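Novice: Just need the whole structure built from these sequences, with the hints factored in.
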Amino acid sequence: MNAGLPGAILMLAQIVIALAMACALYRLLRGPRAQDRVLALDTLYVNAMLLVLTFGIREAASLYFEAALIIGVMGFVSTAALAKFLLRGEVIE
Amino acid sequence: MSTAAALLVLAGASLALVGSLGLLRMKTFYERVHPPTMGTTLGTGLVLIGSMLFFTMHESRPVLHEILIGVFMTLNTPVTYLLLVRAALHRDRAEGRDPLKSLN
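The listed protein sequences correspond, in order, to chains Z and V. The opening position of the first sequence corresponds to residue 1 in this note's numbering, with each subsequent residue numbered one higher. The opening position of the second sequence corresponds to residue 1001 in this note's numbering, with each subsequent residue numbered one higher.
Careful, some of the hints might be misleading.
What the hints assert, rightly or not - Dumping the calculated DSSO-like pairs for lysine-lysine here, alpha-carbon to alpha-carbon at most 27 angstroms:
id, chain 1, residue 1, chain 2, residue 2
1, V, K1101, V, K1027
2, V, K1027, Z, K84
3, V, K1101, Z, K84
Keep in mind that the hints were calculated from the coordinates and are not lab data. Just so you know, these numbers come straight off a predicted model, no measurement behind them.
Specialist: So this is what it looks like as C-alpha cells:
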C-alpha cells in the first residue's frame, strides 16, 4: 500500500478518472443517437481500465494488471460487435 | 521516484478526463469521435509507463508486461473507431443526410 505523497497523488488520479467516467456516463445516457452511446461505452471501458490499473498501483498488487487486460480486450470486442450491428443490423452474418 | 510514477499516472488520468470532457462539449458525432482518442493513446500510455516504473522499483526487477496493454490499445483504437464512423456514415446516408455532400 502506497502512503504519503505518492498515495495522495494516486488518490487524486483516481478521483480524476472517476470524473472522466461520469462524463462518459452522461454521454451514454443522454447521447442523441446510437453511435454516440457506443462511443461513450468505449470511452467508459477505457476509463475503467485506467481506474483498475491505478488501483493496482495503489495496492502494489500486480494481480490487477490481468483484470485491466481483460477489460481492454472485452471493450475492443464489444465496441467492434456494436459497430458491426449498427452497420448491418446483425452481428454474425 | 515513487512520486514520479504517481505524477505520470496523474498526467495520464488528466488526459483521460480532458478526452471525456471533449465527449460532452463537441456538437456533432463526427467531432465527438476525436477527443476520446487522447485518453486511449497518450493517457493510457502515461499510466502504463507510471505502472512499469512503480512495479520495477517495487519488485526490484524489470517489469515490462504493461507493454502488452499499450500495444493492444494502440492497435485496436483506430480499428474500432474506423468501424464506428463507417457505421454512423452508413446510418446518416440511409436517412438521406450525407455529411460529406458539401465536400464533393
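Novice: Compare the structure with each hint and give your call.
Specialist: Outcome of the hint check:
no.: 1; hint: V:K1101 with V:K1027; in the structure: holds, 19 angstroms
no.: 2; hint: V:K1027 with Z:K84; in the structure: holds, 24 angstroms
no.: 3; hint: V:K1101 with Z:K84; in the structure: holds, 24 angstroms
Checked against the numbered hints above, the structure violates none of them.
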